[in-house]
Every structure is written in structure tokens, then in C-alpha cells.
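Asker: Sequence:
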Amino acid sequence: MVDYEFNSAKGKLEFSQRRGKEHFMSNLSMLLQWSPYSTEAELLKQFDDIGSRGTKVIIYNLWLNDDGIVELDFDTDPEDIRIGGDIKKVDTIPAWRTVNEQHIANRLHYSLRAYLSILYLRTPETFQIILRGRLVENHNLANDLKFQEFILYRPQSGGCVEGQVITTIGFLKEAPHVCVHGFNVYHKNRLILPFWPVVSYADSRGRGVVGVLEANFIEPTHNKQDFERTSLFQKLEGRLKEMTWEYWDYHCGLIGYHVRKKYPAPGPKQDSSLIMANGKTKPVKFSQSSPAVGSARAWSATGLPTKRKPSNDVMELESVKRRGQSGANPIVSGMSSEAQPATTANQSRYQEAANLIQENKKLQAQCLEYEKRNEELNTKVTQLKKELEEVKRDYGQLMTEVTSLDLIKEENDVHM
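With full-length UniProt numbering as the guide, the letters of the sequence shown map in order to residues 1 to 416.
Among the hints, a few may not be true.
[As the list claims (entries may be wrong)] Below, computed lysine-lysine pairings styled on DSSO-like, alpha-carbon distance capped at 27 Å: (1) K224 <-> K235; (2) K56 <-> K10; (3) K372 <-> K361; (4) K261 <-> K235; (5) K188 <-> K241; (6) K392 <-> K409; (7) K173 <-> K89; (8) K21 <-> K56; (9) K173 <-> K146; (10) K12 <-> K45; (11) K241 <-> K146; (12) K361 <-> K235; (13) K362 <-> K392.
Simulated from the structure, these hints should not be mistaken for laboratory data.
Work out the full structure: start from the sequences and follow the hints.
Answerer: Next up, the structure:
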């Protein structure tokens, strides 16, 4: 690696002085030997077309595979870089093969342009990706869905809520003609798992069901291609599996399949934007940056209501069902108006106290861990200082010996 710094006074790049000229020249010589550029001037010319900021990736000296095909294909599409070799064929009926093979869920595995188009959930106006001279346009996967629903999920660990995420779920616009399903899971705006198949559907159960979510409460692996297999990740996987089956069972009739479940009879009318959570009803709010935004037109275009009724709220039904199974006392519509607020308030206070206790325990454990880490670092610093003193002492002895040898050499030269 070679480091350059831009000299604004002279208007040109100069080598960085951080590691010295000798180190710089050694690296530059090696880079020119093994790169497609034979001189430093040719190398610096590569900065001319990216301006004062940006990143440029140069790929060269590609190998051939066993079939004599270059690893990367630059010829099929002059505006794309593809993985060389045959494109994976989709096993489906002939009439549906083209729509499946051209779907982005299939193309992202071999097309760099397709992959980059969904790599970021949101892109700022000042950010651009240019591939082979053409701008990569951002592709919002949520816009590919019809009959959308938005489901709030609050993962818990040790009784404490670790975060919340709104999942946009629906059928692909091409359903049921596409053999695609799964969730596109982002972490801090970057795609980690594209079309993650959380279910193995039989009898087409789950076919065409796709979701989009940004899960910042779980940690990705170092290569950003998967998530760490923590308990929170496993809980998310289980919830997304339930979400897929619930959505399919209630909505599969919209794409021509036999409906497995019907909605229960509507109860007392309430605000359709409220979702049950810890015994209370709370509104689900969407910001402009949420992946769930931008679907109102899709609902109205299909002729379906733009607001979900309580009977259609899969999240509410699941929440009440889980509380019933765990022994908790869900709020029942048949309770008296006097008892219901009191029960709700008590449940809220007990839950808040339990959460505070769990949070306090977690913070205490973190403090102990930090104290232990601090002791280890102090011990390491002491050890390094001791080793440094020993090295200095050895260095002094060696310098004394070198001086003595120089004196002896001078005396020998005089006698000669």
C-alpha cells in the first residue's frame, strides 16, 4: 500500500511522510511490478476521473476456471460485471421460467449491478455508486410487494426489550408465478441476508411471501454475509417463520390459492393503527426512512382497505395468544370498565419494575466485565513496560560492545 497526500498549494499528490520515504519507495516498487501500471505517473492518473473524494476499484489479471472461462464476465453486459459461467436455471414450468430467471432474487447471485442496487436500504443524495461508467440506481424491495402489511416486533432478552423493528411483508407482484420467498434483512442500512428463506414450504405454503426489515439489534459476522447465531437471532428467525405462515394462511386467496384460515368475526371497533404490546395499545408510527413507507398506493391500487382492522391484525392475535399460553392475563374485552384500567396499570408497573431489575443486573455484569478487562490491560501494560526496559538494557549492552569492537578495529588499523 502506498499513501499519498494532496498538496493544495502545489495542486498535486505527494507521498506521505508518515512512514518515511524508504518504506514508501519499497511499496511503490512492488506495486508497479505487480500492477498493470509501469510508472508512478500512470498510477496517479487513475485519480483524475474520481475528483477529490471517492473510491475506485481496479480489477485485472483475472484467472480462468476449469472450462477456460474468465472468472468475471465483462462482455455479456457492457454496463455490468457478472460471475462467469452458466447462469443458474430455475426449475419451474416453461411459461414461468423467464420471469423467475429475470427476477432480482435470482440475478443478484451473478450480477454486481443487481446486488449493488439492493445493497443499501436508503442512499443519501450525496452518495453514488458508479459501475462501468453508469450510475447504479437504488432498488427498494418493499416496492416490489403487493397486499403489504406492517408488523411490529419487539425482541426481548432477560425480560428487557432489546429494540423494535417494523417488518414490511407481502406477496411479490409476480406471485404466484415466481418461486421466491424469504426476508431481506438489513443491518444499519446495509443488506446482510437477501431473500433469507426462513421456511421450507410444502404445498406452496409461503410461496411468493417476501419481507423487508432493518434488524439493528443483532450483530452481523465480520464479512457482513450473515448474523451471529445468538439467542436474539434465533428468536427473530422463529418470529419471521410464524409471520410467513400467518400471512400466507390469511392472504393466499388473494393470489389464487385456497384460503386456509379466515379472519375471526370483527369485535368492537377501535383504531386500526393500534397494536397490542405489554397489555397496552400503542400506535405504530412510520417515518419517511422506514422500509414500510411507500405502500399506501399499493394498497389502494389493489382495491383493499388502506387501514387494517383489528381482526386483520396478525401481530395482535399472536401477542394475545402468546400471553395466554405463558400464563399472563391478557386484556379481555368482557372485563368491566373499572377493573380493566386497574389491571392494565398494575401489569405495567410490575413489568416496568421487572425490566428495571433485569437492566440493573445487566449493567452490574457489564461493570464487572469492564473492571476485569481494566485489570487485564493494566497487567499487560506493566508487563510491556518491563519487557521494554529489558530491551533497552540489552540494547545498551549491544551498543557498548559495538563501541568496544570499533575501538579494537581502530587500534588494529593503526598497528597495521
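Asker: So, for every hint listed, does it hold in this structure?
Answerer: The hints, checked one at a time:
The straight-line distance between the Cα atoms of K224 and K235 is roughly 20 Å, inside the 27 Å bound, and the hint therefore holds. The straight-line distance between the Cα atoms of K56 and K10 is roughly 24 Å, inside the 27 Å bound, and the hint therefore holds. Note on K372 and K361: the hinted pairing holds, with a Cα-Cα distance of about 17 Å set against a maximum of 27 Å. Between K261 and K235 the alpha-carbon distance is near 25 Å, which keeps this suggested pair within the 27 Å criterion.
Proximity of K188 to K241 is assessed by CA-CA distance (about 22 Å); at most 27 Å being required, the pair is judged to hold. Distance restraint check for K392 and K409: the Cα-Cα separation of roughly 25 Å lies within the 27 Å cut-off, and the hinted pair is therefore satisfied. Restraint check for K173 and K89: satisfied, since their Cα atoms lie roughly 21 Å apart, inside the 27 Å limit. At roughly 25 Å between alpha-carbon atoms, K21 and K56 fall within 27 Å of each other, so this suggested pair holds.
Note on K173 and K146: the hinted pairing holds, with a Cα-Cα distance of about 6 Å set against a maximum of 27 Å. Of the supplied pair hints, the one linking K12 and K45 holds, its CA atoms being roughly 11 Å apart against a limit of 27 Å. Taken as a hint, the K241 and K146 pair is honoured in the structure, with Cα atoms around 19 Å apart against an allowance of 27 Å. Under the criterion of a C-alpha separation no larger than 27 Å, the hint pairing K361 with K235 is consistent with the structure, at around 22 Å.
A hinted pair counts as satisfied when its Cα atoms are at most 27 Å apart, and K362 with K392 does not qualify at roughly 45 Å.
In summary, the one numbered hint that this structure violates is 13.
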